[in-house]
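These are the residues of each chain, in order.
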Amino acid sequence: MAAVNRRVLPGFGLSLGTTLFYLCLVVLIPLSAAFLKSATLTWDDFWGAVFTERALSAYALTFGASLAAAIINAVVGFLLAWVLVRYEFPLKRLFDALIDLPFALPTAVAGLVYSSLYASNGWFGQFLAPLGIEGAYSKLGIVLVLTFTGLPFVVRTIQPVLKDLDPEMEEAAASLGATRWQTFRWVIFPALLPALLTGFALAFARALGEYGSVVFIAGNMPFRTEIAPVLIVGRLEAFQYAEATALAVVLLIISFILLAIINLLQRWSNTDGK
Amino acid sequence: MHKRLWALILVGFAGCSSSDEVQLLNASYDPTRELWRHINRAFAADYHAKTGARVVIRQSHGGSGSQARTIIDGLDADVATLATWYDTDAMRRKGLMPAGWEERLPERSLPFYSTIVFVVRKGNPKNIRDWPDLIKPDVSVITPNPMTSGNGKLSFLAAWGAVRHRGGSAADAETYIAKLYGNVLALDTAARGATVTFAQRNLGDVHITWENEAHLEVKESRGRVEIVYPPISIKAEPHVAVVDANVDRKGTRAAAEAYMAFLYTDEGQEIIGKHHYRPINAEIRKKYTALQDIELFSLSSFVTGWDEAQSRFFSDGGVFDRIYARKAR
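Protein chains in written order, with my numbering: chain C, 2 to 275; chain X, 524 to 852.
Keep in mind that the hints are not guaranteed to be accurate.
What the hints assert, rightly or not - The calculated lysine-lysine pairs, modelled on DSS-like cross-linking and capped at a C-alpha distance of 27 Å, are:
| no. | chain 1 | residue 1 | chain 2 | residue 2 |
| --- | --- | --- | --- | --- |
| 1 | C | K140 | X | K659 |
| 2 | X | K742 | X | K797 |
| 3 | X | K617 | C | K38 |
Said to hold, decoys possible - Pairwise CB distance ranges (calculated):
| no. | chain 1 | residue 1 | chain 2 | residue 2 | range |
| --- | --- | --- | --- | --- | --- |
| 4 | C | S270 | X | R556 | 49 to 57 Å |
| 5 | X | E790 | C | T19 | 58 to 66 Å |
| 6 | X | R845 | C | T19 | 49 to 57 Å |
Hints listed in this document are in silico derivations from the structure and should not be mistaken for laboratory results. All figures in this text were calculated on a predicted structure; none of them were measured in a lab. All residues carry an ideal CB built from backbone N, CA and C; glycine is no exception.
Given the sequences, and given the hints that come with them, work out the whole structure.
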């Protein structure tokens, strides 16, 4: 360390210390406690608790449905952000405010409302039922509520970047003979990709941990519509704390790996072409 | 660990109240709110008249298993009035109560009992009268998840026991249970969720639930659903217990024991009957004819007890797991 502090802003040591302390207190210590609790199991018991057939199908459903919801949110969220930034229309402010509603609404309410709409006698469900599509009490229902709870992330991460995007770049591209598609593909999209990936990761992570809304619409049928968090609650009800945390640890590890991959992708997209 | 901290904070608050007043906390399961509110009012008046002391009772409600868990983790409940023996006994296993706790109050600590019945649509269009009717192919069933709900566990055990009690083998019972859960439309995680699915959302032909919940559901539906009593069902035993570790620490044992004893008085028994639980006092029980006389079998008629029920039916690889694993293939 040089004796002279060359940083523009003062208080680096203090702010770094605060950050690390805060992260430890809020994130790291509680999560370590989960790891420690599950460590009270023997390796065989751990293995037996987390890799039952039923647990495997629950993980597959949790990650599959979360991924599907995050992809839908990435595509639709991109469109929503585009329309909200680039076009003027009546009641635009109102629609813009609506985007945040899924954050404010207790997710149990969302689950109840969605399941009543998409149940076979609900407003939407009655039209889906003759087509053989089950809206509520199915995997589709889980994806629907996860899409709802994750909606704001992609929109809100893309919006500011899109606003700052200079229209002159597009004009320049056009004047250099780029078609509309080429302008989008090579000028606009690369600029938005990091924000899109961030939004995608946030929506995905949010969906992995969602419980309140899902239990109302899923029907919680083992092997079909039972998400991993329901299994965890089931273990707790049987006073099997260690087994419950073992399941949680598996979810944490897989989530961490997936989020790390998304972060790497994001870094790669940031440096790409620069 | 951090739950202990909360307990300390709660105790701290309790300490702030005036000293001639006793504060009790009753941790109970979900559908008993109205019952305890009524009992608490009557007991406070009775206790004041007899001892001159004032008693204030706070209530806490939630899933039976999770209530037991919060008490184990440090909630300073003076009495635990949970849905199943298994949940109360979990506190004994953690050293909060001595072995044999169920023998300390009259009638094996059961001031009331209950059972599991059916709720069907108005006019009973699917003609559901008895357990075998539930596995007809065109009947759809609503019941909570036995993994996460006390109501769900008892519904499962009632169905299993109904087969066994009529001479069926364990294999017959498993076949029946597999068909029954094949007809289940959704497994809500808690009793109230299942009630919403059936009564508000109009899904399913029959809702298997607590007798007292069934009566409430019928009353609130204004004639859209009705109760059906199967000829036999399980005897549900929601034991009540004083949590020794907590009352001894807080010095509230006398009030807590008086509170539990009050449940056995005529006044307490009448309130219990009014809320559609079955009073243990046979004379008072007779007055509540809405609680139909059906044959009730106890859990011990087909398993050794709750520990066996838990491990055999609801654990990893237990019967409940198996019937779904078979369907998945």
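A quick look at each hint next to the structure:
1. C:K140 to X:K659: With a Cα-Cα distance of about 26 Å, the restraint between C:K140 and X:K659 holds, given a limit of 27 Å.
2. X:K742 to X:K797: Judged against 27 Å, a Cα distance of about 13 Å means the pair holds.
3. X:K617 to C:K38: holds (17 Å)
4. C:S270 to X:R556: 49 to 57 Å: holds (54 Å)
5. X:E790 to C:T19: 58 to 66 Å: holds (60 Å)
6. X:R845 to C:T19: 49 to 57 Å: holds (53 Å)
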